[in-house]
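S.K.: Using the sequences and the accompanying hints, generate a full structural model.
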Amino acid sequence: MLEKMIIGRFIPGTSIVHRMDPRSKLLFVFLFVVAVFLANNVVSYAILLGFTAFAIALARIRPYFLINGLKPVIFLIIFTLLLHIFFTREGPVIFEWKFIKIYEEGLRMGIFISIRFLVLVLITTVLTLTTSPISITDGLETLLNPFKKLKLPVHELALMMSISLRFIPTLMDETDKILKAQLARGSDLSTGSIKERVQAVIPLLVPLFVSAFKRAEDLAIAMEVRGYRGGEGRTRFRQLSWHMRDTAVLITFVLLVGVLLWVRK
Amino acid sequence: MMDSRNKLKMMIVTALFAAIIGIMAQLTIPLPLVPITGQTLAVGLAATILGSRYGTISVLVYLAMGAVGMPVFSGMSSGLGVIFGPTGGFLIGFIPTAFITGYYMERTSFKLPNAIIANILGMFVALAFGTVWLKFIAELSWTAAIMAGFVPFLIGGFIKAFLAAWAGIMVRGRLLTNRLLLA
Numbered sequence: 001m002l003e004k005m006i007i008g009r010f011i012p013g014t015s016i017v018h019r020m021d022p023r024s025k026l027l028f029v030f031l032f033v034v035a036v037f038l039a040n041n042v043v044s045y046a047i048l049l050g051f052t053a054f055a056i057a058l059a060r061i062r063p064y065f066l067i068n069g070l071k072p073v074i075f076l077i078i079f080t081l082l083l084h085i086f087f088t089r090e091g092p093v094i095f096e097w098k099f100i101k102i103y104e105e106g107l108r109m110g111i112f113i114s115i116r117f118l119v120l121v122l123i124t125t126v127l128t129l130t131t132s133p134i135s136i137t138d139g140l141e142t143l144l145n146p147f148k149k150l151k152l153p154v155h156e157l158a159l160m161m162s163i164s165l166r167f168i169p170t171l172m173d174e175t176d177k178i179l180k181a182q183l184a185r186g187s188d189l190s191t192g193s194i195k196e197r198v199q200a201v202i203p204l205l206v207p208l209f210v211s212a213f214k215r216a217e218d219l220a221i222a223m224e225v226r227g228y229r230g231g232e233g234r235t236r237f238r239q240l241s242w243h244m245r246d247t248a249v250l251i252t253f254v255l256l257v258g259v260l261l262w263v264r265k
Numbered sequence: 001m002m003d004s005r006n007k008l009k010m011m012i013v014t015a016l017f018a019a020i021i022g023i024m025a026q027l028t029i030p031l032p033l034v035p036i037t038g039q040t041l042a043v044g045l046a047a048t049i050l051g052s053r054y055g056t057i058s059v060l061v062y063l064a065m066g067a068v069g070m071p072v073f074s075g076m077s078s079g080l081g082v083i084f085g086p087t088g089g090f091l092i093g094f095i096p097t098a099f100i101t102g103y104y105m106e107r108t109s110f111k112l113p114n115a116i117i118a119n120i121l122g123m124f125v126a127l128a129f130g131t132v133w134l135k136f137i138a139e140l141s142w143t144a145a146i147m148a149g150f151v152p153f154l155i156g157g158f159i160k161a162f163l164a165a166w167a168g169i170m171v172r173g174r175l176l177t178n179r180l181l182l183a
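Chains as they are written, first to last, in our numbering: chain A, 1 to 265; chain B, 1 to 183.
Honestly, I wouldn't trust all of these hints.
[To be verified] Pair ranges (Cβ atoms, derived):
#1 A184(A) / T177(B): 22 to 30 Å
#2 A248(A) / P113(B): 55 to 63 Å
#3 S109(B) / T170(A): 31 to 39 Å
[What the hints assert, rightly or not] List time: in silico EDC-like cross-link candidates among lysine to aspartate or glutamate, alpha-carbon distance up to 16 Å:
#4 K148(A) / E232(A)
#5 K101(A) / E90(A)
#6 K7(B) / E156(A)
#7 K214(A) / E174(A)
#8 K7(B) / D218(A)
#9 K151(A) / E232(A)
#10 K151(A) / E141(A)
#11 K149(A) / E232(A)
#12 K7(B) / E224(A)
#13 K7(B) / E217(A)
Hints in this document: simulated from the structure, not taken from any laboratory.
Where is the CB? At the ideal position from N, CA and C, for every residue including glycine.
M.R.: Encoded structure:
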C-alpha cells in the first residue's frame, strides 16, 4: 500500500505517449472526457472504444496494469448497468420472470452508459500510467497560468499539491505508528458498543492532526529560511518542452470530435 | 514577517490535510451494521478544524491529487474517470460540503452543538450533490438515484457528522491552546 502511495500508478516507459508533454496529454484528456458525452449511438460508441484501444496500443501499456487500474471502478460500471436494467422502464419488455421485467431501452442504455464509463476510465488511466503525478502537477500549473489574471492562486495550489504528494507516505507512516501506539495502550476499535468504538477513534485523530500542524510549522520556517517568497519570479527545476507530437495530439482530437459529430444521431 | 509565515504555514497545513483525507479514505471504522468510511469523516474534520476557507481548499487539493492519479479516493482508486463517473458527485460535493460546514460555524461559533448542526448540514449537501449527479450522469430515474445514492448512507452519515464535530472541536481546542492554530 505504501509503495503504491508514493508513485501513484505511474509506470516509467519510453513509448511516444510517455514522451509527450504533460500539458498536451492533460488538455487532450480533459477535452476527451467532455467529447465522450457526444456519443449516442452504436457507431459513435464503437469509434470511442476503437480510439481508446489505439491510445492504449500507442502507450504500450501491459494489460496487467490496465486491468489493475480498472479493478476499483469495475464494480461501479456493473452497478450502473444493473441500475439501468432494473429501473429504466421504456420500450418493449424483452425479459420477464416473476416480478423482474427487463425493458429494451434499459438494456440499451445500460450498455451504452457502461461503455461511456469504461472509455472514460481507460483513457484517464492511460494518462496516469504514462505520466508521473509530479509532472502532471507541473503541467497543470502551466496550463492554468492564464487564470492568474483572475486572481486564481495557481502557483499556491500547485505548491500545495506537491507538498501533499510529498507528505502522503510520511503521514501514512505516522498514522500507522499512532495506530500501533494506541493498540499497545489497549485501544480497541472492533469490540464494544457504538459509543465506545466512536470514543476509541478520538485518541487516533488528535495526535495525527496535531503532528500535521507541528510539521507545517517546521516546513514553513525551513522554506522561509531558504528564501521562498511565493511564485513571483521563481525559476523551475523541471522544464517542460512542447514538440510536434504534442501538436499532433490536439489535431487528432479535433478530427475525433468532427467524426463523432458526423456519426451521432 | 509573522503574518506571511502564518499564511505559508496555513498553506502547508491545508496541503497536509489533503494528504490526511487521502489516507483516511483508505480506512474503515468497523461499526456494527454501518461501517464508517474515513473519507467523509476526514472532510468534515478538515472543515471543522480549519474553517470554510482552508477546509475547502484542502478538499480541492485532495480532489486534484486524485485526478492526477494518486490512489487517494476510497478503495485506492484515482483518476479523472472516477470524478466524472457515476459516484463522482459525492467527491465534487465535498467542495460545497466543506465550505458550508465551515461557514456555518464561522457565522455561529466553533462549539459542539453548532459543529454537529454544521456537519449534518454538510452531510445533506454531500448526499444531495451525489444523488443529483448520479441521476444525470448515469441517466437514471429519480427513484433509482435516491434509492442508490441517498437512503443507504443516511444513518452512517449522522454518526459520521457527530464524530467529525466532536473530534474536530476537540482537536481545534488543543491546537488553539498550544497556539499552533491562530483563531
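S.K.: State for each hint whether it applies.
M.R.: Going down the list of hints, with the structure as the test:
Remark: the range hint 22 to 30 Å for A184(A) to T177(B) is upheld by a beta-carbon distance near 27 Å. Distance hint check: the CB atoms of A248(A) and P113(B) are about 60 Å apart, consistent with the given range 55 to 63 Å. A beta carbon spacing of about 34 Å between S109(B) and T170(A) agrees with the range 31 to 39 Å that was offered as a hint. Distance hint between K148(A) and E232(A) is fulfilled; the C-alpha atoms sit about 11 Å from each other, no more than 16 Å.
A hinted pair counts as satisfied when its Cα atoms are at most 16 Å apart, and K101(A) with E90(A) qualifies at roughly 11 Å. Only pairs whose Cα atoms come within 16 Å are accepted, and K7(B) paired with E156(A) is accepted, the gap being roughly 11 Å. Proximity of K214(A) to E174(A) is assessed by CA-CA distance (about 13 Å); at most 16 Å being required, the pair is judged to hold. For the proposed pair K7(B) and D218(A), the alpha carbon gap of about 14 Å is at most 16 Å, so the pair holds.
Between K151(A) and E232(A), the direct Cα distance comes to roughly 13 Å. Compliance with the 16 Å bound is thereby established for this hinted pair. A distance of roughly 14 Å separates the Cα atoms of K151(A) and E141(A); the hinted pair therefore holds under the 16 Å criterion. For the given pair, K149(A) sits about 13 Å from E232(A) by alpha-carbon distance, which is consistent with the 16 Å threshold. Taking the CA atoms of K7(B) and E224(A), the gap is about 11 Å. The hint holds against a cut of 16 Å.
Between K7(B) and E217(A) the CA atoms are separated by roughly 11 Å; this keeps the pair inside 16 Å, and the hint holds.
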